[in-house]
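Trainee: Chain by chain, the residues run as shown.
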Amino acid sequence: MKRTTMPFGPQHPVLPEPLVLDLILEDERVIDAIPTIGYIHRGLEMMVERVEYTEMGFVAERICGICSFMHGMGYCVSLESIMNVEVPERARWLRVIWAEISRVQSHLLWLGLGADAFGFENLFMHCWRMREEILDIFEKTTGGRIIHSVNRIGGVKRDVSDSELAAIVVKLDELGTAFDATARVFAKDPSIRHRMSGVGVLSADDARAVDAVGPMARASGVVMDTRLSGTYGYDRLDFEPVIETAGDCLARVVVRMREVTQSIGLVRQAVDKMPKGDGMALETKPRGNPTGEVFTRLEQPRGEVLYYVKGNGTKNLERFRARTPTFANIPAMIKLVKGCELADVPNIILTIDPCISCTER
Amino acid sequence: MANPFRLPMVPRALRNLVSRPATRRYPSEIRPRFDGARGTIEFDVETCNYCMLCMRRCPAAAITVVREERMWSIEQLTCIACNVCVEVCAKKSLTMSRDSKHVHVRSEVGPQGQRPGHEEWHGADPALTAPVKPAAEAPTSAS
Amino acid sequence: MDRDAFLARVGEYHKEGRRLALINVTTSVPSAAPAHGAKPGAEAPGAEAAAPAPETFEIVWAFENDKDHSLETIRETVTPADAVPSISEFFGAAFLYENEMRELFGLNVEGINLDLQGQLYKTATKVPFSHAAVKARLEAVNAAAAAKATAAAAGATTEPKA
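Chains as they are written, first to last, in the numbering used here: chain A, 127 to 487; chain B, 8 to 150; chain C, -15 to 146.
Chain A on its own, in the form it takes in the complex (with noise of 0.2 angstroms):
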């Protein structure tokens, strides 16, 4: 049979950022698909050499739009696990709350560009207008919508008072509820079904050959969250790890719908057990320049994440590596694109969540 070599994108309607895919096809049938990334590579990791330490962490948090608060918090808490600064407990508990807000509206988002991807614009619109408040919380309290600058090393720089918290909660609750009526739809709607239901399967044993993190191997029903670890201020936190185990696209639609209500959750137990009062202090001021390196794990909206930071003394970090979790799932990505369909690629690509600006930095 005759093979026919398909560019998927670099432009494509379903991709948030730049990526292509050269797809050999037999008649519709995808047979291999080879990668090429780096139309978005900016290489900021380059910048260690000519940016300071201190202002890495406003660069940290450009890497990427929707993940932009937990890369600025992943920089700041590797420099203070290598300077040995202690975080306030206030600051600890903001930086959780901040974090997993920053998770609903990445869920949204998601959400959102999922039913885009098989034409529901309708859905897509109602998950974004969702999304606008979850922005306009970030826009109050630290003072950006998608860029918040509120982490310094050492703490945050911003406060949030109980009052405003508790509205928060309310706030969010509310989402909550709207978003109930929105998950019905993307469970049961018949045309999401017949697009996602059986399409693009992985199972776990394939899930852990390929290294899968994050949404991606919690569909297939692998355990793993980097939270349960219980750092970084998630150690007060119940919470189990939201799995499910078809494996299919629409496995991966739901994991990513019951994390949006759990994330809401998590924020009302943080608000609940955090310290309350005024004037509690909020930053620990570091001292001298970094020396000696570090492996930081945070659980971004797309998994795991890894931050490598090394210093040796200077004012200039000598690596930051951030091994985003798209970059950890491209490979999840080939492997099912490999035997499916053409018309079902934008969707399988979608559902890794991919990032390519936090994949290529």
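No wet-lab data here; the hints were simulated from the structure. Incorrect hints may have been included.
[Claimed, not checked] Here are some, though not all, of the chain A residues that point toward chain B, as calculated from beta-carbon distances under 8 angstroms:
id: 1; residue: Ser275
id: 2; residue: Asp288
id: 3; residue: Ala292
id: 4; residue: Lys314
[Unchecked claim] Subject to a maximum C-alpha distance of 30 angstroms in a straight line, what follows is the list of computed DSSO-like cross-link-like pairs (lysine-lysine):
id: 5; chain 1: B; residue 1: Lys99; chain 2: A; residue 2: Lys266
id: 6; chain 1: A; residue 1: Lys441; chain 2: A; residue 2: Lys461
id: 7; chain 1: A; residue 1: Lys461; chain 2: C; residue 2: Lys106
id: 8; chain 1: B; residue 1: Lys99; chain 2: A; residue 2: Lys411
id: 9; chain 1: A; residue 1: Lys464; chain 2: A; residue 2: Lys128
id: 10; chain 1: A; residue 1: Lys461; chain 2: A; residue 2: Lys128
id: 11; chain 1: B; residue 1: Lys98; chain 2: A; residue 2: Lys314
id: 12; chain 1: C; residue 1: Lys119; chain 2: C; residue 2: Lys106
id: 13; chain 1: B; residue 1: Lys99; chain 2: A; residue 2: Lys283
id: 14; chain 1: A; residue 1: Lys283; chain 2: A; residue 2: Lys399
id: 15; chain 1: A; residue 1: Lys314; chain 2: B; residue 2: Lys99
Cβ atoms here follow ideal geometry from the backbone N, Cα and C, with glycine treated the same way.
Using the hints, position chains B and C against chain A.
Mentor: Quick look at chains B and C alone, frame taken from chain A:
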């Protein structure tokens, strides 16, 4: 054709059809930004003592200060609104206003060849002001 | 590096069910290079005595256990001439890291299962993290700082009396 009574999005779609749009008619209607939003840096030339701390700490190198000429300038389009300059200014000459930067990004250049977004202030005549103590390292100029 | 011992260790980690978390390369810039912010003309102590160091890179392989969140690492110091064995026979997902090692650092990785022939990233400078490229950038930064310092000093001497 699927049964429309079993499509869960239909009630929502019908409700959207008869209610007002969720979007605003921008730019005729503008929502004012929330208090504390990161917007534009504003400078008070009366209080500045030209210690150059803001220039040294700016991550984007958007601020240029020439102490000898009492000149303070900012490239608004380079500024990332991180607020570090506001935090370090000892004289509280810098504030962050919540409004977005109103810069017309066209290819026009200013009379001295400045880029769009370039804002410059000149302080009092050096001959009339008292000597200024530099913030840190060895002073190279006669004061 | 001892290829067989290395692959044996990697195979053990694979059998334990660990997941490949990271393969990172750091360009080990020798200490004789001028430090950032050094005054122009000043030398790092002992710089004259050090012989030109071999161009080395430090590679770290990190394997994570998802049940107890422990991380095991293997570290090797290599030069561009050394052959680095690919671990893609155990961890198929390693191809992305290993192609990156080749393209950004110029390391000689052998036996990658999906070899992208240098087409993974499109960078303006080929091998941007090689020792030569890093040194060139460092020198450019120091030269710019030096030029700025001399301009400021010249400006200060001609300043009118306050």
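Trainee: Does each hint fit the structure? Answer for all of them.
Mentor: Against the structure, the hints come out as follows:
1. Ser275: Cβ of Ser275 (chain A) sits 5 angstroms from chain B, so the hint holds.
2. Asp288: 17 angstroms, violated
3. Ala292: This interface hint is violated because 18 angstroms lies over the 8 angstroms limit.
4. Lys314: 5 angstroms, holds
5. B:Lys99 / A:Lys266: 23 angstroms, holds
6. A:Lys441 / A:Lys461: Cα-Cα ~42 angstroms, so violated.
7. A:Lys461 / C:Lys106: 24 angstroms, holds
8. B:Lys99 / A:Lys411: 21 angstroms, holds
9. A:Lys464 / A:Lys128: With Cα atoms ~17 angstroms apart, Lys464 (chain A) and Lys128 (chain A) stay inside 30 angstroms; holds.
10. A:Lys461 / A:Lys128: 22 angstroms, holds
11. B:Lys98 / A:Lys314: At roughly 61 angstroms apart (the allowed maximum being 30 angstroms), Lys314 (chain A) and Lys98 (chain B) break the hint.
12. C:Lys119 / C:Lys106: 21 angstroms, holds
13. B:Lys99 / A:Lys283: OK: Lys99 (chain B) and Lys283 (chain A) at ~17 angstroms, within 30 angstroms.
14. A:Lys283 / A:Lys399: 21 angstroms, holds
15. A:Lys314 / B:Lys99: Judged against 30 angstroms, a Cα distance of about 57 angstroms means the pair is violated.
Checked against the numbered hints given earlier, the structure breaks hints 2, 3, 6, 11, 15 and satisfies all the rest.
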